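Student: The number in the numbering used here is simply the position in the sequence shown, starting from 1, with 24 added.
These are computed hints drawn from the structure, not numbers from a lab. Since the model is a prediction, treat every value here as computed from it, not as a measurement. By construction, the Cβ of each residue, glycine as well, lies at the ideal position given by its N, Cα and C atoms. It is possible that some hints are incorrect.
Stated by the list, open to error - So the derived label-pair ranges between C-beta atoms look like this:
(1) Asp47 x Ser96: 30 to 40 Å
(2) Arg83 x Asn57: 30 to 40 Å
(3) Asp47 x Ala100: 25 to 35 Å
(4) Val72 x Glu97: 32 to 42 Å
Stated by the list, open to error - As a list, the in silico DSS-like pairs of lysine-lysine whose alpha-carbon atoms are at most 30 Å apart:
(5) Lys58 x Lys68
(6) Lys38 x Lys26
(7) Lys26 x Lys68
(8) Lys58 x Lys26
(9) Lys58 x Lys38
(10) Lys68 x Lys38
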Amino acid sequence: MKIGIVGTGYAAQKRAEALQDEDRAELIAVTGNKPETIASFSQKFAVVSLDSWQQLVDRSDLDLVFICNINSEHGAIALAAVEAEKHVVVEYPLALDPNFCVGSVRSGRLLAVADPQRADRERSALAACAVGLHLVPF
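Required output: the full structure, derived from the provided sequences and hints.
Tutor: Below, the structure is given as structure tokens:
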């Protein structure tokens, strides 16, 4: 499974570290808010750095997007990723506007909301993607 991460902070770092130990996953790309933190993250984890979450979501080589940035952007990014036929794991909360959640359930894609303190959750989400589950309750 090929993965992209939106965000470069603590939660994104923990996700990237956990993915390094996962044989079924390959971290491909990252984006964030500050060019210097994107560059540092991409160098540390040897991944492609992108200028925007839109560029990340539009990549055809990604299967799963982790959303680990500021809460106010979660819903828009999650919806765009699901519409781009990506599986999504988003840090709590999923969205500040509940209308963003409606389209994802009908998409046939995984949509999971993760607790940033539980880095083992992405293993569960990854396993769910592999067997075709559509929604993982956390």
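Student: Work down the list of hints and note, for each, if the structure agrees.
Tutor: Here is how each hint holds up against the structure:
no.	hint	verdict
1	Asp47 x Ser96: 30 to 40 Å	holds (35 Å)
2	Arg83 x Asn57: 30 to 40 Å	violated (19 Å)
3	Asp47 x Ala100: 25 to 35 Å	holds (32 Å)
4	Val72 x Glu97: 32 to 42 Å	violated (20 Å)
5	Lys58 x Lys68	holds (16 Å)
6	Lys38 x Lys26	holds (17 Å)
7	Lys26 x Lys68	holds (18 Å)
8	Lys58 x Lys26	holds (23 Å)
9	Lys58 x Lys38	holds (19 Å)
10	Lys68 x Lys38	holds (13 Å)
In terms of the numbered hints stated before, the structure departs from hints 2 and 4, listed from lowest to highest.
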